[in-house]
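Generate the whole structure from the sequences, applying the supplied hints.
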Amino acid sequence: MLQQHMTQRYFISFSILFIILTGCILPIYGQKDTTRLNKEVEVFKSYRPTVSGASKINLLPEIKDTTLFRPDMNYGTASHPVKGSFQASALKASGQFQREINIPGYGKISGGFGNYITPFVDFYLNNPNMQNGTLGLQMNHISSLGGNIRLKGGNTTDAPYSSSKAAIFGSFVARGVTISSEIFYKRDMNRFYGYPVEIPADIMTDNFVKYFNQDQLHQLGHFDFSVKSNASSTSLLKFDTGINLSYFNTSTSQVEKATCFNGDFSYDFGGFTGKLKAGFDHFETENVEQDLDFSIASSPKSSWLHLSPVVFYRNESFTIAGGLNLYTVFSDVDGTTFKPFPKADFTLHLGDNFSLYAGLDGSLQNNHYSKIAEENRYVNPFLDVKPTNHKYLVSGGLKGKIATPLAFGLGLKYGKSEDEYFYVTRVENRSGNANPTLADLTYNNAFEVVYDNLGTMDFSADLSYTTADVLLLLAGHFYNYEVTSLEKALYRPDFTVNATTEFKVTEKLSAMAGVYFTGPRNVMLKFYLPPVASSLPPPPIYVKTDAMAEVNLGVKYNIMNHLDFLGKVENLLNRKDEQWYGYTVQGIRLKVGASFSF
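Just so you know, the sequence shown maps onto residues 1 to 598 in this note's numbering.
Worth flagging that the hints you see were computed from the coordinates, not collected in a lab.
Worth double-checking, as some hints may not be accurate.
Unchecked claim - Keeping only pairs whose Cα atoms sit at most 20 Å apart, straight-line, the calculated DMTMM-like set for lysine to aspartate or glutamate is:
no., residue 1, residue 2
1, Lys504, Glu448
2, Lys391, Asp334
3, Lys210, Glu448
Please read these numbers as outputs of a predicted model, since none were measured by experiment.
Structural data, given as structure tokens:
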């Protein structure tokens with residue numbers, strides 16, 4: 001029976017793999033574009049595959065940045081990592097880069113220095129003279145090598161970090177298709193330092209806090225290859241297929257290997273369009289545990305098969321779509337799981353400037369190791385997080401333009417999830433007090449998770465003003481949460497409000513400003529007892545963090561042709577906010593540099 005089950009499993013896997021790869025091969029032999037070939041290729045948007053099992057459709061409107069200029073310095077070092085409850089992270093690949101648009105000549109080099117001993121550099125090179133494709137290179141580095149951070153308990157500690165990225169990317173247009181590829185490498189280092197009260201004198205020898213003052217290294221490398229059709233005729237099958245091979249490891253001996261095949265296919269027939277998203281993702285992870293209490297390291301393997309067939313109908317008045325999201329997961333830990341979800345979208349066009357929209361969606365989220373490590377750098381490195389079942393997501397809203405430069409969006413979403421994960425802090429009470437204070441507890445500064453069902457109501461509003469000289473974006477989310485077992489929805493803010501602007505002061509001087517507010521969040525302190533203990537641990541303690549606020553200012557001044565001066569001030573208010581409980585961010589940060597294009 002086991003052999004028969006494995007045979008069926010791999011037959012299904014290789015069947016969908018054959019379908020996806022067929023999309024890569026068939027167009028080269030079966031499709032001849034008799035129209036004039038459009039050789040204008042997007043230089044900075046080579047194929048960026050995502051883990052299809054973690055991807056979700058965002059039904060809220062996106063505001064496009066259409067300004068004709070852009071300040072160069074985008075080296076944020078403490079932007080708040082608060083995400084909406086509906087967002088599912090994909091495998092982070094070349095999307096890490098903020099690639100420039102319309103760089104004249106062959107490239108650009110930018111670099112500078114900031115307090116906290118913070119050097120940064122970005123180098124971009126491409127060949128603008130290629131007729132049938134693109135070829136480019138980008139390297140990026142930022143680090144903070146010193147400078148004390150004052151924690152909430154009054155102690156100061158070093159919190160160095162570094163992030164380096166490099167990518168070689170290119171594409172080639174041949175016989176009606178664009179072939180793209182990228183080789184990418186990323187290296188991040190962060191130090192475990194967070195502690196919310198006064199640091200104990202014996203913390204370096206306390207095994208319960210064994211990661212304090214330890215550096216964690218993350219390395220990710222991947223190779224992408226894709227084939228995309230350039231078909232303009234409605235009678236031809238359009239496709240975008242590719243493969244992503246990635247390797248992720250840590251200095252604590254965790255390894256993740258991933259092989260991801262993705263294919264998007266569409267075909268127009270009559271007034272309808274049929275689309276199929278297909279993906280097969282295989283993950284192998286080493287030296288991780290789902291239950292940290294028993295400390296039994298394992299090497300789980302899982303394969304994710306995702307199919308999403310959708311049919312669209314469009315006319316001048318409305319657009320309607322209906323289909324399914326189908327997930328099949330083969331896991332050597334949880335067995336085989338099949339989850340179907342309905343999928344529907346409806347948009348009603350109210351004239352030329354306004355649209356009403358509504359949608360229904362659902363997904364199975366793959367919380368693979370590198371996703372969690374990217375989301376929370378201070379998580380326990382041995383933790384393996386279970387998948388999250390987003391049972392349904394209902395959304396609706398209104399978007400449009402009040403005038404040519406002024407656009408807005410109003411949205412409402414409600415979603416229900418099972419096995420939603422929440423970060424928690426483990427604590428021990430060694431004081432002997434029956435009712436210990438926060439100062440009496442010993443804290444493990446490597447986060448763990450608990451699971452619960454979660455219902456989230458999200459009301460959102462955004463406003464944009466865009467001209468050739470001014471960009472203004474204002475966006476806010478206001479949340480309400482429902483949990484089943486927990487008392488609070490942990491690390492979920494009541495609101496987030498962000499405002500950013502970029503504008504020209506003179507022909508040579510441009511400026512930017514950003515203001516980011518995040519509401520208070522609830523934190524759970526979970527008491528630890530050994531698994532063999534005869535008594536139950538005390539009930540958890542809930543703590544509420546302060547609201548977070550960050551104000552950033554930046555300028556770019558053109559000194560001479562191709563040479564610009566860059567300046568930026570981050571965390572202007574010098575706030576000591578905690579991104580994660582116990583982890584206070586750096587204070588006011590000053591950065592200066594220059595940019596030269598050639």
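- request: For the pair we were handed, lysine 210 and glutamate 448, check the Cα-Cα distance against 20 Å.
  value: 14 Å, holds
- prompt: Is lysine 391 within 20 Å of aspartate 334, Cα to Cα?
  reply: Measuring from Cα to Cα gives roughly 18 Å; hence the hint holds.
task: Take a quick look at whether lysine 504 and glutamate 448 sit within 20 Å of each other, Cα to Cα.
output: Violated: lysine 504 and glutamate 448 sit about 46 Å apart, past 20 Å.
Taken one by one, the earlier hints fail for this structure only at number 1.
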